[in-house]
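The residues making up each chain are set out below.
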Amino acid sequence: MAAADFSRLIAAAADTIAAHAEELTALDQAIGDGDHGLNMKRGFEAVRAEADAFAAKPLPEALKAVGTKLVMTVGGASGPLFGTLFMALGKDLPAAPDRDGLTAALAKAIEAVAARGKSQVGQKTMLDVLQPVYEALAQGKTAGEIAKAADKAAEATVPMKALRGRASFLGERSIGHMDAGARSTALLVRAVAEAIEGN
Amino acid sequence: MSNVGIVIVSHSPLVAEGTADMVRQMVGDEVPLAWCGGNGHGGLGTSVEAIMGAIDKAWSEAGVAILVDLGGAETNSEMAVEMIGEPRSHKIIVCNAPIVEGAVMAATESSGGASLKEVVATAHELSPS
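So the protein lines, in turn, are chains A and B. So the first sequence is numbered by my numbering: it starts at 1 and just counts up by one. So the second sequence is numbered by my numbering: it starts at 200 and just counts up by one.
No wet-lab data here; the hints were simulated from the structure. Positions of the beta carbon are idealized from the N, C-alpha and C atoms, including for glycine. Please note that the accuracy of each hint is not assured.
[Stated by the list, open to error] Here are the computed distance ranges between Cβ atoms for each label pair:
no.	chain 1	residue 1	chain 2	residue 2	range
1	B	E317	A	G144	36 to 46 Å
2	A	A11	B	H323	19 to 29 Å
3	A	I175	B	A320	21 to 31 Å
4	A	A53	B	H289	23 to 33 Å
5	A	I175	B	G239	25 to 35 Å
6	B	P286	A	A95	34 to 44 Å
7	A	G198	B	P297	29 to 39 Å
[To be verified] If you want the footprint, here are the derived chain A segments under chain B, 3+ residues with CB under 8 Å:
no.	segment
8	65 to 76
9	79 to 92
[Stated by the list, open to error] Computed cross-link-like contacts, DMTMM-like style, restricted to lysine to aspartate or glutamate with a CA-CA straight-line distance of at most 20 Å:
no.	chain 1	residue 1	chain 2	residue 2
10	A	K91	B	D255
11	A	K41	B	E281
12	A	K91	B	E285
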């Protein structure tokens, strides 16, 4: 991937998080501790500030650098979870990945996020978006279809009962609200998909 | 021989510092001790960078036991251990124990010259399951 393309992906990701920061915070206020939007925005703005330096690295190193920056700047539990996602992608992605390479790396990254959060699919978390995205990717779906699958998967966390994170303290009362981490994951997937499709 | 270090990680700097005060008063100064709390931006939360700093401060060749409060403190502590990397990461354990009682009990065990394994086991005895 050319450096300019990676910079564009970072800008797209940071833009969508900034544009939806208040929405993410509102979602988190309903069933979490209300800092998700602000935390994610701080993290992605920190990544944006170093986008050119990151983009100059080979893709796996660039992704690891993004992940490390998110770990150090997002805070909360989201920092390590989103950071792990990018760091794990970087660890398993070849320098010039095709769809198969990306699919395999995403599978490993999902495992790493699940291990970090001691969670699994169906517990009202970001994993509930990542897994359908992986499946859509593996099935050869287009970028647009993958973005749609991510949005649908985030919506599908609304009726779920939270079993991990702060929201799990609410038990049944977590039902009826979308998971903030699932929503931000879907936003990132859409931003990346649209940036790639617009290529 | 060096004593096992104790690191206290709370979402609140007040809780972390207060817990450290209790450890100091009840156990004394021979145990390496460090604490951190807050998200680094003035709010409640935990910071991987601050946790890595606290581990450095309490570092002991005998190892370091970390006591945490709520979920994010555990996740961030595990991330900090991973980022510190080998070989030191093998000598750092995040305890499953209540933060105040765990810190005091772990430090007491450490002050007697116990191994990291023994210190962590003492803290874990405080948790049901």
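Inset, instruction - Assess, step by step, whether the Cα of A/K91 is no farther than 20 Å from the Cα of B/D255, and give holds or violated. - result: Violated, at about 26 Å.
Inset, instruction - Given the range 29 to 39 Å, decide if the beta-carbon distance of A/G198 to B/P297 lies inside it. - result: violated, 52 Å
Inset, instruction - Assess, step by step, whether the Cα of A/K91 is no farther than 20 Å from the Cα of B/E285, and give holds or violated. - result: Holds - the C-alpha atoms of B/E285 and A/K91 are around 17 Å apart, at most 20 Å.
Inset, instruction - Given that the segment 65 to 76 of chain A was listed as covered by chain B, double-check it with a C-beta distance under 8 Å for 3 or more residues. - result: Our answer is that it holds, as 5 residues pass the Cβ test (under 8 Å) against chain B, meeting three.
Inset, instruction - Between the segment 79 to 92 of chain A and chain B, see if three or more residues pass the 8 Å beta-carbon test, and mark the coverage as holds or violated. - result: This one holds; 5 residues, not fewer than the three required, reach chain B with a Cβ under 8 Å.
Inset, instruction - May I ask you to test the hint 19 to 29 Å on the CB atoms belonging to A/A11 and B/H323? - result: Once the Cβ atoms are compared, 46 Å apart, the range 19 to 29 Å for B/H323 and A/A11 is violated.
Inset, instruction - Look at the Cβ atoms of A/I175 and B/G239 and judge whether their distance stays inside 25 to 35 Å. - result: holds, 33 Å
Inset, instruction - Just tell me: holds or violated, for the beta carbon distance of B/P286 and A/A95 against 34 to 44 Å? - result: violated, 29 Å
Inset, instruction - Using the beta carbons of A/A53 and B/H289, state whether their distance is inside 23 to 33 Å or not. - result: Since the Cβ atoms of A/A53 and B/H289 sit about 32 Å apart, the hinted range of 23 to 33 Å holds.
Inset, instruction - Determine whether the Cβ-Cβ distance between B/E317 and A/G144 falls within the hinted range of 36 to 46 Å. - result: At 57 Å between Cβs, range violated.
Inset, instruction - State, for the Cβ atoms of A/I175 and B/A320, whether the hinted interval 21 to 31 Å holds or is violated. - result: violated, 39 Å
Legend entry - Straight-line alpha-carbon gap A/K41 to B/E281, limit 20 Å: violated, 24 Å
This entry does not satisfy hints 1, 2, 3, 6, 7, 10 and 11, going by the numbered hints stated previously.
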